[in-house]
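**Student:** As a plain string of letters, each chain reads:
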Amino acid sequence: MLAAILVAGLAQIEFWPLTAFRLFSSVRGPTRITWELAVVEVGGTDETVVDLSGLPPALKGADHILPRLAATATTTAAGHVAATVRPWLEATGHPWASVSKVRLYSVVVRLGGHGRGPPVPVLRTLRAEFVP
Amino acid sequence: VIPTMAPIEPGASWQGRLAHAPDVALRALDRRLMAPGSAHRLASVRLALAAVLGLRLALRDWSELAHRPDRLFRPLGVIRLIPAMPSGPVLAAIRAVGVAAALVAIAATVAIATTTNSRVNRGHDAGDSPASSALTRLAAISMATAWVALLVLAGLRSSAGKILHNDVLLLLGSLSVVLGPAGARLGDFGRSPRWGWPVTCALAVVGMVYGVTGLQKLSHGGLAWVTGDNLRWVLYWGANSGRAPTSMVSFAVADRPWLFHAVAAAVILIELSAPFLLLSHRAAAWFVVAAAALHGGIWLTLGLDYWAWILTVAAVALPWDRWWLPADVETSAGSP
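Chains G and A supply the protein sequences, listed in that same order.
Heads up: the first sequence at position 88 corresponds to 88 in the numbering used here, and the numbers run straight through without jumps.
In the numbering used here, each number is its position in the second sequence, counted from 1, plus 1000.
Hints are computed from structural coordinates only; laboratory data are not their basis.
It is possible that some hints are incorrect.
To be verified - Covered stretches of chain A (chain G as the covering partner; in silico rule of three or more C-beta atoms under 8 Å from a C-beta of chain G):
(1) 1034 to 1042
(2) 1154 to 1167
As the list claims (entries may be wrong) - Here are the computed lysine-lysine pairs in the BS3-like style, where the Cα-Cα straight-line distance is at most 30 Å:
(3) G:LYS60 / G:LYS101
(4) G:LYS60 / A:LYS1162
(5) A:LYS1162 / G:LYS101
Claimed, not checked - If you only want the chain A side, here are some residues facing chain G, beta carbon under 8 Å, derived:
(6) HIS1067
(7) ARG1068
(8) ALA1144
(9) VAL1148
(10) VAL1205
(11) GLN1216
(12) LYS1217
(13) TRP1225
(14) ASN1230
(15) TRP1233
(16) VAL1234
(17) TRP1237
By construction, the Cβ of each residue, glycine as well, lies at the ideal position given by its N, Cα and C atoms.
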């Protein structure tokens, strides 16, 4: 058991319940990258950012899944991407039939007020777009 | 047990001693892990860990995980054996079985002591009776059932692409006690490696987890984790996350360079010293205070809830065996 914990840490293994225990191990700074889903409604042109902050526990995980989705969106079938984001859209009041486009953005945010203020976006990059 | 190696000769060169160093260290660790301990201590730790397992299972509504869509079900490790997220009633049933098993494990461990005590009072030998053998099997099976229930439910909760660490320390730290002998009797102060290794291994595992966590900070962040502005920004992000109960503490520390550097150094010191403190008889209980301060501070500043880690450290490191001795339990073979 002791050796397994040590090896998992050294080899960065994440094999439940073994983990590498990388708890706050990366150095933090005033900026970080967050991820956004945005939708364009059928017949419209305006984009609406999906608020993923209030999702129930069963739908948590967007922070970890969206970056992987962005990395593979060009090589992954659109149906797979759509099936992945669909529960989030429907849980946030965007029925699937009403959506004409889904966009995935990475957003660099910086804490305002020398750290005391809320984060503000400084760079928003479109990473993937697909039609349901 | 590590096989006995040829002893180092008194006049051996430094090269010879260096070559033997890993063997010497392993043998010292083996001696420490297999050191004798009392059955009373093991039974006390079993009771404490069963209570923590039961609490973790009881205090969360695991059935809400059933609403996770298949596309968002991304299991890791042993949970990959489960093909899809179970239904709400199945999750509720696992929880109920786990909580009941933890309660049975507590009851069986207490009953082993009282049954044996009753036999001794009637003039019988304190050795195995059919009743105590059955209770021992019941204690072993129920403790393992509670552990597996938490392994599955917490694993399912972690099946969203990233391991959630809240229950990991409890699962890893209690494994040696779950697998160890279940017949340990409260009030039996006779010392043996048979009763000693599960608790010592639990302490070593908990210490190793904290140690690896500290090493990861130094490995990935380097000394800048302490000497740079890292913790300052961790605290500012925490204050702005909306999860912490107050932002006052985060700001109070983050605004003072001397203070956030000191806190960062203290965090690393606590984590790296854990393997040594927990394997020291005198210092182990003090580590509970350090862990409570560490995780209490994390909750206060970042809003991350790690109370299961505090209780796990307390369960394995506090001297429950000295504090708790039921009046009707017969003591034997020495004193606490």
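**Student:** For each hint, tell me whether it holds in the structure or not.
**Tutor:** Quick rundown of the hints versus the structure:
Evaluation of the coverage hint for the stretch 1034 to 1042 of chain A: breached, as 0 residues show C-beta separations to chain G shorter than 8 Å, against a requirement of three. Beta-carbon proximity to chain G at under 8 Å applies to 10 residues in the stretch 1154 to 1167 of chain A; the threshold of 3 is reached and the given coverage holds. Of the supplied pair hints, the one linking LYS60 (chain G) and LYS101 (chain G) holds, its CA atoms being roughly 22 Å apart against a limit of 30 Å. A hinted pair counts as satisfied when its Cα atoms are at most 30 Å apart, and LYS60 (chain G) with LYS1162 (chain A) qualifies at roughly 10 Å.
For the hint linking LYS1162 (chain A) to LYS101 (chain G), the alpha-carbon distance of about 28 Å falls within 30 Å, and the restraint holds. Here the hint on HIS1067 (chain A) is kept, as its CB sits about 4 Å from the closest CB of chain G, short of 8 Å. Because the smallest distance between the Cβ of ARG1068 (chain A) and any Cβ of chain G comes to about 4 Å, under 8 Å, the interface hint for this residue holds. With a least beta-carbon distance of about 15 Å to chain G, the hint placing ALA1144 (chain A) at the interface is violated under the 8 Å criterion.
A cut of 8 Å between beta carbons decides the hint on VAL1148 (chain A): the least distance to chain G is about 11 Å, and the hint is violated. At its closest, the beta carbon of VAL1205 (chain A) sits 6 Å from a beta carbon of chain G; the interface hint therefore holds under the 8 Å criterion. Here the hint on GLN1216 (chain A) is kept, as its CB sits about 4 Å from the closest CB of chain G, short of 8 Å. The beta carbon of LYS1217 (chain A) comes within 5 Å of a beta carbon in chain G, closer than 8 Å, and the hint placing it at the interface holds.
Because the smallest distance between the Cβ of TRP1225 (chain A) and any Cβ of chain G comes to about 6 Å, under 8 Å, the interface hint for this residue holds. Hint status for ASN1230 (chain A) relative to chain G: holds, with the closest Cβ pair at about 5 Å, below 8 Å. Because the beta carbon of TRP1233 (chain A) sits about 4 Å from the nearest beta carbon in chain G, less than 8 Å, this interface hint is met. Proximity of VAL1234 (chain A) to chain G holds as hinted, the smallest CB-CB distance being about 5 Å (cut-off 8 Å).
Annotation: TRP1237 (chain A) was flagged as interfacial toward chain G, and the flag holds, the nearest CB pair being 6 Å apart, inside 8 Å.
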